[in-house]
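Peer 1: With the hints as your guide, set chain Z onto chain G.
2 protein chains.
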Amino acid sequence: MEIERKFLVERLPENLVHYSHIEIEQGYLCTSPTVRIRKAGDVFWLTVKERTLSTSTAIHNREEEFRLDEEAYNRLKSKCDGRMVLKTRYKIPVGDLTAELDIFHGHHEGLRIVEVEFPSTEAADAFDAPQWFGADVSTDRRYTNSFLAFN
Amino acid sequence: MEIERKFLVERLPENLVHYSHIEIEQGYLCTSPTVRIRKAGDVFWLTVKERTLSTSTAIHNREEEFRLDEEAYNRLKSKCDGRMVLKTRYKIPVGDLTAELDIFHGHHEGLRIVEVEFPSTEAADAFDAPQWFGADVSTDRRYTNSFLAFN
Numbered sequence: 001m002e003i004e005r006k007f008l009v010e011r012l013p014e015n016l017v018h019y020s021h022i023e024i025e026q027g028y029l030c031t032s033p034t035v036r037i038r039k040a041g042d043v044f045w046l047t048v049k050e051r052t053l054s055t056s057t058a059i060h061n062r063e064e065e066f067r068l069d070e071e072a073y074n075r076l077k078s079k080c081d082g083r084m085v086l087k088t089r090y091k092i093p094v095g096d097l098t099a100e101l102d103i104f105h106g107h108h109e110g111l112r113i114v115e116v117e118f119p120s121t122e123a124a125d126a127f128d129a130p131q132w133f134g135a136d137v138s139t140d141r142r143y144t145n146s147f148l149a150f151n
Numbered sequence: 152m153e154i155e156r157k158f159l160v161e162r163l164p165e166n167l168v169h170y171s172h173i174e175i176e177q178g179y180l181c182t183s184p185t186v187r188i189r190k191a192g193d194v195f196w197l198t199v200k201e202r203t204l205s206t207s208t209a210i211h212n213r214e215e216e217f218r219l220d221e222e223a224y225n226r227l228k229s230k231c232d233g234r235m236v237l238k239t240r241y242k243i244p245v246g247d248l249t250a251e252l253d254i255f256h257g258h259h260e261g262l263r264i265v266e267v268e269f270p271s272t273e274a275a276d277a278f279d280a281p282q283w284f285g286a287d288v289s290t291d292r293r294y295t296n297s298f299l300a301f302n
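So the protein sequences, as listed, match chains G and Z.
Numbered according to the numbering used here, the first sequence spans residues 1 to 151.
Numbered according to the numbering used here, the second sequence spans residues 152 to 302.
I should point out that these hints are in silico values taken from the structure, not numbers from a laboratory.
Hints are not guaranteed to be accurate.
[To be verified] Capping the alpha-carbon separation at 20 Å, the derived lysine to any residue pairs in SDA-like fashion look like this:
(1) 228(Z) <-> 74(G)
(2) 79(G) <-> 233(Z)
(3) 228(Z) <-> 148(G)
(4) 230(Z) <-> 78(G)
Next comes chain G alone, as it looks inside the complex (with noise of 0.2 Å):
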């Protein structure tokens, strides 16, 4: 189970190149249930995504992931629906937890999200965004990166 929030970026950090990174590309056989492939670095996935039900104000994803050979990915890539979403993801350190900044590359040039897992529906709820922050986009789905895959 996957309990996260999204927000967008108010202001980039400053020396995010101290941070560490990777390219993404992703792409989706299928939006309800997420079906999606990604190539993370040289690392191949196949990820599939339940939404679940939510009374709080974070997503709950049943997210179960699988490792591709170059190989297997490429046969999916060719099978997606929409466009591959390029984009360098960023882990920076807030408090205890994670953010993963997202900024995209080609279609959606210059957009960036942020993203921040916890481990319960209760630290969700309690989080105090840092000032960095922009709007918490969590349950618009304009945001979501299969939207981006096709708009």
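Peer 2: The following block gives chain Z in isolation, referenced to the frame of chain G:
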């Protein structure tokens, strides 16, 4: 984790019509890992299976299942490689366990395979197959459904 053994069928059990059965259609988006869609009766599934190492006679898989609606099923069906596999599956009690007897239709009309799932590797190794079971083909890839979809 799924632990199962697979056999050919020496002769069909009598009065098959008395056992519960369901019509299955399935196909493959990828075979390594296995990314399978299945229609069983009126219910649609996406299943991803990772083959894991085994030291016994049984097959060990990590298997994750997700419900699909008919629209998602048809979308993914259009992306399948090979042929759709068609079969009638009968559930037949064998002691405390349940045998799943598949009688194939279409391209493999008449092929019969029976599978038993076990609670442990020990139970799989100790299984005393009924008289109506034929050769153990647990490790023979020609009898995997994904092989049958392409051959």
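Peer 1: Could you run down the list of hints and mark each one as holding or not?
Peer 2: Verification of the supplied hints:
1. 228(Z) <-> 74(G): 18 Å, holds
2. 79(G) <-> 233(Z): 14 Å, holds
3. 228(Z) <-> 148(G): 24 Å, violated
4. 230(Z) <-> 78(G): The given pair, whose Cα atoms are some 9 Å apart, holds under the 20 Å limit.
When the structure is compared with the earlier hints, a violation turns up for hint 3 alone.
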